[in-house]
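Can you build the whole structure from these sequences, using the hints too?
Number of protein chains: 6
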Amino acid sequence: MPALDFATTPWTEVEARLARPTLAVLPLGAVEQHGAHLPLTVDADLALGVARAIADPLDALLLPAMPYGDAWNNAAYPGTLSLSPATLQAAIVDIGEGLRQMGVAGLIILNGHFGNHEPMLLAARRLSDAGLPCLHLDYPGLGDLAAVHCDSTPAAPHFYHADEVETSMMLALRPDAVRMEAAAPSYPTFPPLFGSIPMQLREFNPTGVFGDPRPATAEKGHAFIAGIAANTAPIISAFLHRNGLPG
Amino acid sequence: MPALDFATTPWTEVEARLARPTLAVLPLGAVEQHGAHLPLTVDADLALGVARAIADPLDALLLPAMPYGDAWNNAAYPGTLSLSPATLQAAIVDIGEGLRQMGVAGLIILNGHFGNHEPMLLAARRLSDAGLPCLHLDYPGLGDLAAVHCDSTPAAPHFYHADEVETSMMLALRPDAVRMEAAAPSYPTFPPLFGSIPMQLREFNPTGVFGDPRPATAEKGHAFIAGIAANTAPIISAFLHRNGLPG
Amino acid sequence: MPALDFATTPWTEVEARLARPTLAVLPLGAVEQHGAHLPLTVDADLALGVARAIADPLDALLLPAMPYGDAWNNAAYPGTLSLSPATLQAAIVDIGEGLRQMGVAGLIILNGHFGNHEPMLLAARRLSDAGLPCLHLDYPGLGDLAAVHCDSTPAAPHFYHADEVETSMMLALRPDAVRMEAAAPSYPTFPPLFGSIPMQLREFNPTGVFGDPRPATAEKGHAFIAGIAANTAPIISAFLHRNGLPG
Amino acid sequence: MPALDFATTPWTEVEARLARPTLAVLPLGAVEQHGAHLPLTVDADLALGVARAIADPLDALLLPAMPYGDAWNNAAYPGTLSLSPATLQAAIVDIGEGLRQMGVAGLIILNGHFGNHEPMLLAARRLSDAGLPCLHLDYPGLGDLAAVHCDSTPAAPHFYHADEVETSMMLALRPDAVRMEAAAPSYPTFPPLFGSIPMQLREFNPTGVFGDPRPATAEKGHAFIAGIAANTAPIISAFLHRNGLPG
Amino acid sequence: MPALDFATTPWTEVEARLARPTLAVLPLGAVEQHGAHLPLTVDADLALGVARAIADPLDALLLPAMPYGDAWNNAAYPGTLSLSPATLQAAIVDIGEGLRQMGVAGLIILNGHFGNHEPMLLAARRLSDAGLPCLHLDYPGLGDLAAVHCDSTPAAPHFYHADEVETSMMLALRPDAVRMEAAAPSYPTFPPLFGSIPMQLREFNPTGVFGDPRPATAEKGHAFIAGIAANTAPIISAFLHRNGLPG
Amino acid sequence: MPALDFATTPWTEVEARLARPTLAVLPLGAVEQHGAHLPLTVDADLALGVARAIADPLDALLLPAMPYGDAWNNAAYPGTLSLSPATLQAAIVDIGEGLRQMGVAGLIILNGHFGNHEPMLLAARRLSDAGLPCLHLDYPGLGDLAAVHCDSTPAAPHFYHADEVETSMMLALRPDAVRMEAAAPSYPTFPPLFGSIPMQLREFNPTGVFGDPRPATAEKGHAFIAGIAANTAPIISAFLHRNGLPG
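Chains as they are written, first to last, in our numbering: chain A, -7 to 239; chain B, -7 to 239; chain C, -7 to 239; chain D, -7 to 239; chain E, -7 to 239; chain F, -7 to 239.
Derived by calculation from the structure, the hints in this document are not laboratory data.
Glycine included, every Cβ here is placed at the ideal spot set by N, Cα and C.
Treat the hints with care, since some could be wrong.
Unchecked claim - Derived Cβ-Cβ restraints for the label pairs, each shown as a range:
no.	chain 1	residue 1	chain 2	residue 2	range
1	C	R171	D	A210	28 to 36 Å
2	B	P149	A	G187	52 to 60 Å
3	B	A11	F	A11	45 to 53 Å
4	A	E195	B	P49	30 to 38 Å
5	B	G133	C	P167	40 to 48 Å
6	C	N223	D	A8	37 to 45 Å
7	F	F186	E	G133	48 to 56 Å
8	C	N223	D	H150	48 to 56 Å
9	A	E195	E	L237	56 to 64 Å
10	F	G236	B	P49	44 to 52 Å
11	C	M172	D	A8	13 to 21 Å
12	C	P13	D	A210	35 to 43 Å
13	B	S229	F	F186	52 to 60 Å
14	D	F182	B	Q192	46 to 54 Å
Unchecked claim - To spell it out: a stretch of chain F is covered by chain A in this simulated footprint if at least three of its residues, at any positions, have a beta carbon under 8 Å from a beta carbon of chain A; those stretches are:
no.	region
15	109 to 119
16	122 to 131
17	186 to 199
18	225 to 237
Laid out in structure tokens, this is it:
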């Protein structure tokens, strides 16, 4: 059975599925600039796509992506919108608390945006303490996958933003929303204070692209998604095992 | 020009649009049971659809729907998930604060779920005080539209949930997600304590449907959406006028 | 036995009363303009009077009215003072928590001011979850009572503010505080944006009266109070029954 | 002109009074046990009476007493009900913020209950920082007044609770609510841990009286009230002078 | 066995000590002006010294002093830095919660700064409610000790700040940090509004000294510390007895 | 001039120093297990030592280290104590707000504990927005320094905890608190779920050491401290330049 996507599923099927131990997968996105060739919703789009790839083999509940995240350092690019870290953490905790009361056996949080990492982690702590086992994942093994599949180099180690990686994944998931004709490389110089003061990325990167999106293809995008899902599988197995769940 | 839908728009177009006074439209949904024939995301789906109808003639920014809302009294139907009112209010305030800093001239919050009303209203107060004019709308005039277009009667006055109204709108917007074969009427008896104590609706309504979804059609759905948009137009005109904005 | 009014009752009698299952009644008021003929404390005065009528036949604990509420949209009339919704909700929760620890069997919150409705409801949710059954009441059936007893028409459906209804109840409860010579009708035109933006009522109503207080009499006031109490009785019966309490 | 008591004053008179610099006086009470001879509302009753004595010569606004305070260490006597310190502080701040926006020139907080002291003080800090001059008073000089007028000794230095002092003031202000036949002395032994651990007073004082209420008279009560008001006068003069206000 | 000072103790010894019932001692300080002859850290230095004297005979855990406290009314002297009362309370609660989970049998909070008193007390309430017995101490009996040992008079009753008392204790604990050549007396006149409005002490005391530090000696300082510890002993005995702990 | 260490400095010198633009340095530590050979205060000890090396050439204010941090994942080792991330963030903001009002030109936060990173960063955001330029540093370039100076390998990349690095720095700063005879290597196997669920480190590491502390020497410790300070210098230069400060 595939995942139960809440976007197409009535509650009656959720109740039926919960008769046996069931996980839920919550994708986290952001409303954030992704250059001139990608829409503002990239992070939620990708997180939802990857979450689906993860949820399907688990027969899990696939929850709607939280489309807003913490994208503070992209705020200077109009279109970027953020939740504060405290709000985002509270939202994840609220959702998890509902899942716990619903009888879900565990929650996988699948994060598609760097700025959400800490709120996700803190929410997972609280939910775990409250009795809902939580697995929090960024894209496991993406660095290795990028090294294998990319024809371009990243703008900085482990920094994939509006580049070949994200553009490929968008081509795989939402090709209609990609404007390859507007894709242009950008390898900005990181200023010495980067990472040591609160700084807007626009200060040193006028376009918002980090890397080179031009070699992106849908095939690579599918490879990334499949690769992340494959990397995730043993982690989930360990998670199921740890919590005494079948699988 | 149509609305700038953030789901397909790069930030560069948002910046360009903001060269002139621009409104943003934020749809509010919920993850909530809607009977056996509709998916859990109905409220966000409809709010987004109506928001688009409102945003298009305004050349406004169409923001991603907040998919989670406060659906506390549906919590007993598995699949329902809520944000607490405080979290939801904080999320709207955070988003609005970003819009204000971005230079948006005003925010229209379009609410598709009753339980979001008060958090929306309180967020609008705070944002207005902070300098962002806010218009907060449920579906203006829906009662009159229902009286005109519906072949069924509502389960209670001004109570449209998984009924002919919502089902019709879903048939207009997301027909693939509607299972008309599972649509069945439900006219539960409201217990005397309803509205006077915190009460789960499932206590007196086993299916979650309030009314009769069977006469629903896509045509009626389009009529509802167009009717709401038409009812909204003079309110928005007054809003623009009040804030010295063209339109 | 009548209610135990905390304003005249030592703690020793409360302890004695709690030997059997006992309800408490908490009136909610506001410090808010009520035209030129009524004092700022009307909402607390009326809520206390109605609460007493409800508490007496129940032998309940009659708590001091919370005199401050959320009267945000009357703030432009000097004399109006508000608690924020979050503060008001916290106050009700704190009081309820004390009642729960005291061993009270249930709490009836009797609200005399529209702006308190949502904080009351959210507090009731939390207290119910914590184990204190809560009944939250505005004035049940006031609309029907007004239709029966009033010689004037309301300024808007279900809108009773400094009008014949409230003035009559004040004449019944605190006649010394009513200045009938200053009573004057006011039927303001509600602007199109009313209810859709945060708006001060003074913007379109210079006097603060909504309706016509001139036909008010103490007799009508007593009829309203008795009528509300009568309408409340079956609700309370259901509440007692639901919670396994005698009565 | 006497104080403008909000319990009898329409908003129109408040607006008129505010044409010249005007102070507001906010009494703070508590719902707390006061032995078998006094009602639970003593602290609010007395604070209101003293506040009136202070407000009258100032032509000030006399606000409704906040009837609930922080009476944590009396919680073991049924009937006692508390706001948390944070809630109480927030309530005072909310009220003060409304006064500031209303154009009041300064706020005198008159506290009738020991447990409210710190929340009052912290609220005064915040309000002063926000631009509302705040004077926070417990009963100035009460110790000296008690030494002069009392025929009994206090149960502990500066500890006046349900004793000759409070009972006298109640006899002066609300004689109908005093049951002198139930007045009995109580001089409990304070345990060594008193003041060093969170401790319920009932642990070592079964009646709740601290001292001897029997010699109480209304005359003494009037002397206390007048004496406190007299002690307060020079403090208020200094407060007015400091803030450039006439008087 | 002496106290286990966390500044020199590995976790392994803490675990071993916890095999039997063990108390922890948490000193509270402040970063606050103490005249021209004492450093800003006096309150933490002294609290740590006294805490050590208390912890040693108890074989207790001696925790690092919280160096920051609420010193609001010294803010006008540069160098003073405060935590808000809410932050300080939260910090104590967090630390206490960790102790509770660690299996500590009780917490002694030893406060060296007046402004910390209320946050300490409120934290102790919460921790006690959560199951960690808490004793909260300022310097017990310091007033009597000062009367015995001091050659100077305090600037106000029970007001010991940068005076003979604190300077002596610093001479006993951290003589290198004392500049006796800069010690000068200061007996400011307290303005009539002192204690009734939020007021910076610098307004009426330019040096920050309250009293006369010149007669200070290390011997007196040792006498104060030993005296406080001696005064504390019976309180701790009562605390141990109350909680069924050996000692 | 060297740094003004608050532990030895009266306020009068702080005021004098502030006559010219002055930075403050705030060290962040933690109370956390560091194996059987190091005390629980290592992180604060080291952060203070490094902060001093940074503050001295800047003539900066050297603030007391915040000794408590967020050490959640070490909680299973007794002795570890944490502030919640929200409390820690609030504490840094409170301190920074005091510095801003004091007239400090900028704040350098020097973090000695990984778990404090995010609260530090969020506090820096808020303080920067409030007008206090903030630089937030972990130990810059420590990885390269470790690669140069260490004779042992780390237990994981960029993971230095109770190992050769930290032990060397403790030998340089607080040799009396180091028990080299108890130093023993530990190279635990990280479980597959590490980093993906909230997990206590003790689950897979019984001693708390990560790496091999045995080759540690004071000389290496001094080299680390000097190296970090050297790495920090150009960052601070850029920070000063960015904020128009001399240096």
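Now for the hints, and whether the structure bears them out:
no., hint, result
1, C:R171 / D:A210: 28 to 36 Å, "holds, 31 Å"
2, B:P149 / A:G187: 52 to 60 Å, "holds, 58 Å"
3, B:A11 / F:A11: 45 to 53 Å, "holds, 47 Å"
4, A:E195 / B:P49: 30 to 38 Å, "holds, 37 Å"
5, B:G133 / C:P167: 40 to 48 Å, "holds, 43 Å"
6, C:N223 / D:A8: 37 to 45 Å, "holds, 39 Å"
7, F:F186 / E:G133: 48 to 56 Å, "holds, 52 Å"
8, C:N223 / D:H150: 48 to 56 Å, "holds, 51 Å"
9, A:E195 / E:L237: 56 to 64 Å, "holds, 59 Å"
10, F:G236 / B:P49: 44 to 52 Å, "holds, 48 Å"
11, C:M172 / D:A8: 13 to 21 Å, "holds, 20 Å"
12, C:P13 / D:A210: 35 to 43 Å, "holds, 39 Å"
13, B:S229 / F:F186: 52 to 60 Å, "holds, 58 Å"
14, D:F182 / B:Q192: 46 to 54 Å, "holds, 50 Å"
15, 109 to 119, "holds (count 5)"
16, 122 to 131, "holds (count 5)"
17, 186 to 199, "holds (count 3)"
18, 225 to 237, "holds (count 5)"
The structure shown violates none of the earlier numbered hints.
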